[in-house]
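Protein chains: 4
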Amino acid sequence: MARKIRIGMIGYGQMGRIHAYAYRSIPLFYDPLPFEPVLAAVADVMPGAADKAVRQAGFAQGTSDWRRVVESPDVDVVDICTPNADHLPVLEAAIAAGKAIYCEKPLCTNLQEAEAILAAARRAGIAHQIVAEYRFLPALLRARQLVADGFVGDVFHFRGLYLHSGYVDPARPISWRLRREATGGGVLMDLGPHVIDLMRYLVGDAAQVRGHIHTFIHRRPLADRPGEMGDVDVEDAAQAQLELRRGGVGSIEVSRCATGAEDELRLEVHGSRGALSFNLMDPNWLYTYDATAPEAERGFRRLATVQRYPAPAVAPAPKFSIGWTRAHVAAQFAFLGALAAERAPEPSFVDAVAAHAHIDAIYRSVASGVAEAVPEVR
Amino acid sequence: MARKIRIGMIGYGQMGRIHAYAYRSIPLFYDPLPFEPVLAAVADVMPGAADKAVRQAGFAQGTSDWRRVVESPDVDVVDICTPNADHLPVLEAAIAAGKAIYCEKPLCTNLQEAEAILAAARRAGIAHQIVAEYRFLPALLRARQLVADGFVGDVFHFRGLYLHSGYVDPARPISWRLRREATGGGVLMDLGPHVIDLMRYLVGDAAQVRGHIHTFIHRRPLADRPGEMGDVDVEDAAQAQLELRRGGVGSIEVSRCATGAEDELRLEVHGSRGALSFNLMDPNWLYTYDATAPEAERGFRRLATVQRYPAPAVAPAPKFSIGWTRAHVAAQFAFLGALAAERAPEPSFVDAVAAHAHIDAIYRSVASGVAEAVPEVR
Amino acid sequence: MARKIRIGMIGYGQMGRIHAYAYRSIPLFYDPLPFEPVLAAVADVMPGAADKAVRQAGFAQGTSDWRRVVESPDVDVVDICTPNADHLPVLEAAIAAGKAIYCEKPLCTNLQEAEAILAAARRAGIAHQIVAEYRFLPALLRARQLVADGFVGDVFHFRGLYLHSGYVDPARPISWRLRREATGGGVLMDLGPHVIDLMRYLVGDAAQVRGHIHTFIHRRPLADRPGEMGDVDVEDAAQAQLELRRGGVGSIEVSRCATGAEDELRLEVHGSRGALSFNLMDPNWLYTYDATAPEAERGFRRLATVQRYPAPAVAPAPKFSIGWTRAHVAAQFAFLGALAAERAPEPSFVDAVAAHAHIDAIYRSVASGVAEAVPEVR
Amino acid sequence: MARKIRIGMIGYGQMGRIHAYAYRSIPLFYDPLPFEPVLAAVADVMPGAADKAVRQAGFAQGTSDWRRVVESPDVDVVDICTPNADHLPVLEAAIAAGKAIYCEKPLCTNLQEAEAILAAARRAGIAHQIVAEYRFLPALLRARQLVADGFVGDVFHFRGLYLHSGYVDPARPISWRLRREATGGGVLMDLGPHVIDLMRYLVGDAAQVRGHIHTFIHRRPLADRPGEMGDVDVEDAAQAQLELRRGGVGSIEVSRCATGAEDELRLEVHGSRGALSFNLMDPNWLYTYDATAPEAERGFRRLATVQRYPAPAVAPAPKFSIGWTRAHVAAQFAFLGALAAERAPEPSFVDAVAAHAHIDAIYRSVASGVAEAVPEVR
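Protein chains in written order, with the numbering used here: chain A, -4 to 373; chain B, -4 to 373; chain C, -4 to 373; chain D, -4 to 373.
Rather than coming from a laboratory, the hints here were simulated on the basis of the structure. Being a predicted model, the structure only gives us computed values, none of them experimental. Accuracy of the hints is not assured; some may be wrong.
Treat identical chains as interchangeable: a pair holds within one or across any two.
To be verified - Below, in silico cross-link-like pairs of lysine to aspartate or glutamate (EDC-like), each with a Cα-Cα straight-line distance of 20 angstroms or less:
id: 1; residue 1: -1; residue 2: 110
id: 2; residue 1: -1; residue 2: 228
id: 3; residue 1: -1; residue 2: 31
id: 4; residue 1: -1; residue 2: 355
id: 5; residue 1: -1; residue 2: 60
id: 6; residue 1: -1; residue 2: 69
id: 7; residue 1: -1; residue 2: 46
id: 8; residue 1: 47; residue 2: 337
In isolation and in its complexed conformation, chain A is listed as follows (with noise of 0.2 angstroms):
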């Protein structure tokens, strides 16, 4: 009998309710599955939220109370699915729970406080996972184990970015994304952890940036009283130059007003044997070039990553094309096997606060005006 796994979601916002999803999907694509996700409880402050997701996702129970599900014996696992200034007093009484945690990306609002929430968390020896789920995408998982087996040599260039067009409508009235109070940060805070948790899975850490930071539209409508401006405080996009610590240069960009971006993340490593790339709006593929290949063999390859799937997933869909929900299940799967394996989950606070530290580095530098280094996190 497969151990139960019962998990408490705080937030069932957009996020909330793909993990839900996700988790009810699990089952049905790994097999044999050496635990039982359980829905146990869910925490939303919204009225009629919690019993929506009650209804929608089949949780045991649900309340405005987030502490009650934090503290609940029913609950093995608390999953962080608020806003990113709302993680912190969640976090805490998690770990002061001793529950393991699954939580939403950025971990916190910024360097100091991810800080104190990982050694908090090693205090209480806690399992802790932050969400990073593209790293679980087969052709991200196949891109990982390809520079592992020095496909792609020293590194010479790595280039990230994430472009997302949602906000180049100057109507678009400010939401809690736009404001530093609910963020920490704008579009860097946002969509940079992905990036950067990406380089880091793929090619390591940097060791200094040069970062640059933009806003386009400063004044947009209030949404709670028409016809009223107000002012945004962070940034629409941002870029950073980057030394990598393992040697090799790199770039990373993110931007909330690419216009035509849909969710455009994109990914190239250039090395001294080989050279990859990828799109995540093309998930299906991953693009492979073999310098080491006779000049006429030489090229881009697109191996179908999704027919080939690292063990144990299985169907649905073995060969099949894959979205972008397909990496939330596979997060949440090795997230939860290594609950029940008694193993340490990855990527863990320990990565949700190596990305806090270049995003910090990147916001120092654009204070600073120099390049500033990325301390190392370990």
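Since chain A is already given, all that's left is putting chains B, C and D on it; use the hints.
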């Protein structure tokens, strides 16, 4: 309180698992949901399969006796996921029991059986839908709407290919898919229904066809008798030239030996005013060409249909990449939604019979060597 | 001192100008060059056309009387760029005069004439090449070599499409291309020779064909009689199903009404060991798939054939993007190089007759309604 | 009778040959042609090079003494195709001789020299054009026009990359391109002028830059001393973050070690109303996104700019694929056409100096570690 719709599934192999996944996912993708899908019962003759379905998907009960599911008073819908030749008795029993039916393609193993089933279903007044899930991909919903709105004008050309590569290796043993008695035909019976359904969905029926079939590998190992070979008695590839009932010409090609193909379903329509193009391995986009635009502005446009899925689809992921399984969720939502609203589901067994009528005409043309008419199915 | 080869061109329309461009470009693309192309004479019946050719391309002399060019002692090669139906008398005269011939496709307007020309050319012992320039694109030279090396193994499928959209607009007047008396046929006579030649080049002849043709727009304006309409007596689109002589099946499709197409020549080959894919609108790349690679390494590879053009091509541009005109330069280099080396040029009128034999069989199949054999041409 | 324009070329290496090819091709691509290009003279110091140019390209005379060409009364235009550091004396002499000048990029090896040359050219009143041929690709002509028409609105992002892979192999010896004394800089001096010119052409100058450069391979074999290694004293890769003068931000990246790249020039512009995208390895298409279209109709459109080249370009090939060399033909046509019409050619040495000003600012930023202003060049 949304009406419960209780599903009884017959056959829990690869397709059964995908159907189960999709039923479980519906509540997370659509809101509000005018019904509540309940996984009431499952039957599979393979030892342990029904238990596995109960465990993986949460069916309330499992059995090896499909008649118990079909006849159960706790079941509203019979979902048929068995190999082709096993559909017929289940269909007959389900019709006799007055159940709504959701049946995998092809409906039967030949036109005559399919016609009889349609007649019986009509007499019984039951609701029925054939699984033609690709219709429900956002890109193809959009394509259909564009054609209906006159975007392509008079159709000149339709081109439909469905290419797999699973049987390129001659060492792959004979599966049930390569035995006529289990299937009624080869790749045309297997992949043909999809591409014919999409042709009909987008540009209507063919009036006349010229068919050609081919088997590349005539003998393969027998899975159950090591060292022995058996005859393949179905085709590996089929082509048809088409004259469309509404005017214009077309072609269909299906293969299991299209080396390099993963799940390559390609559709193209060229008309007097515009053109459309789609590829299932790039499922997030519909390519459209407006020939009525000023010349300097003409070009194929990549519509991000994923972002603009027709209501009432909601999250997860109104804007992110989707994959193949998403189509099953949408197809089942359409079916159950029709039941809840007491509308006739679509595509129905009428569409299934029409697909059989095309397949039958292609096989007749292969036999006669001349063009054969496709009877109208109403 | 390299041998001078003196070219006499008959017809200086669009194709004549391209041929002239290509002759002039050869010395800049190949080094060392074993011959020196000389633009010796040009004839065109249109008033002013020959003068224009002299001015634009630097022909040494121009005339409206093509016989003077064909019979001139200052001409070694007759290059025929007239409309189809005008090829025959020029071919006959050039053969009679013992000139080497470089003739635009299709060689004649039907198989019988073509066979007679081939016989006459053989009797006269002249050198001859048909213009089938796409063979000489680096990507297709590479494709040919890969097939010869066994890369694709036994051919399962060949797919060749050549799609144009120039006649989608019903207001486009009847040109000579839409008059049977000037062409001998419709789009199959126009675009068919290219795709048939490339099929033969890559996978050999068809043994048997099933054809279908269609005219979408039956009446069009008459260019020379404003307000009047005329009948179109040739097809706008043609398809053929093929059985290949070496085994395997195939299909060909050509159209002038493929809305959205520019110059869309697509080729695909699937075989027991690998696959190839090419598109003329993306001419710098050949896509190759090696089915013998370990499964985790399989995928279509985009070979940058432009960079690895077989010797002795040199600059300009061994690594940069190339376009359609490049193929003409290479085809003429091959022709003149063969003359200089006293080798038989390839593709010759034998290949031209073989293309006619396929076209003839397709038209016969259209008429008979059944499959027709393609005679072997040697 | 069209005016003869007599060209004297200095340097007949790879670029000289391409220029010669292009001059010879102009009359075949443009009709009517308001001038007649004449290949009057060529100089190259390498033994035999000038003779080869006479033989290959048909120059009327060749010499090893470039001064004789520059000062010849039979030469109207001096075309400079030597390595960078050799431009300066030729430029000075050509200005002194009052010749029109067509000069390969970069104009000089640093900003100061370039400014002096511009000043001298202005004093002398000569006509001058810098070779920035990509401006003249149909796709980029169209892009420029779209930006001018307001299609993209306010520019948010510009992204320009020019990636080569020629120096990935550490066994490749040091060429003149890797010696600062011959070039004035590394890849930024070599590929930078192209991407900077296109940035300026499409979205205007940068006001401020933050630069970063890197050398991956510091020692390489010496070509002329077998077994010995030498130091590379220029960068292999460079990046810049940009603030655009008209608002918006951007980035530039150039590399010679971008494994897998052939001739990968990528441009992207995102603005308040639309977006543009281009890739030189796919040169027939411009991708455009109209953010003002109704939401359901938005998507990147692939414009077949090749077919709709602005007048007066004619054949060969108004609709067929083109390659890199086509841009040179168009650039020279623009230059000679301006001379014939007695208009000031564009892009001129002003543009060349502006490119140097950006490069200079990037190098200054690398040295200072902070952002540096780009002076306006008029």
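For each hint, the structure was consulted:
Within a single copy, residue -1 and residue 110 get their C-alpha atoms no closer than 31 angstroms, and across copies no closer than 48 angstroms, so neither meets the 20 angstroms cut-off. In this assembly of identical chains, the alpha carbons of residue -1 and residue 228 never lie at most 20 angstroms apart, being 45 angstroms within a copy and 48 angstroms across copies at closest. Proximity of residue -1 and residue 31 under a CA criterion of 20 angstroms is satisfied intra-copy only: 5 angstroms inside one chain copy versus 25 angstroms between copies. In this homomeric assembly, residue -1 and residue 355 never come within 20 angstroms of each other (Cα to Cα): the closest approach is 39 angstroms inside a single copy and 51 angstroms across copies.
In this assembly of identical chains, residue -1 and residue 60 lie within 20 angstroms of each other by CA distance neither inside one copy nor across copies; the values are 24 angstroms within and 30 angstroms between. Taking the shortest alpha-carbon separations for residue -1 and residue 69, only the intra-copy value of 11 angstroms comes in at or below 20 angstroms, while the best inter-copy value is 28 angstroms. For the identical chains of this complex, residue -1 and residue 46 are inter-copy neighbours only, at 18 angstroms across copies versus 23 angstroms inside a copy, given an alpha-carbon limit of 20 angstroms. With identical chains, the CA atoms of residue 47 and residue 337 are never at most 20 angstroms apart, being 33 angstroms at best within one copy and 25 angstroms at best between copies.
Hint compliance for this structure: hints 1, 2, 4, 5, 8 are not met, and every other hint is.
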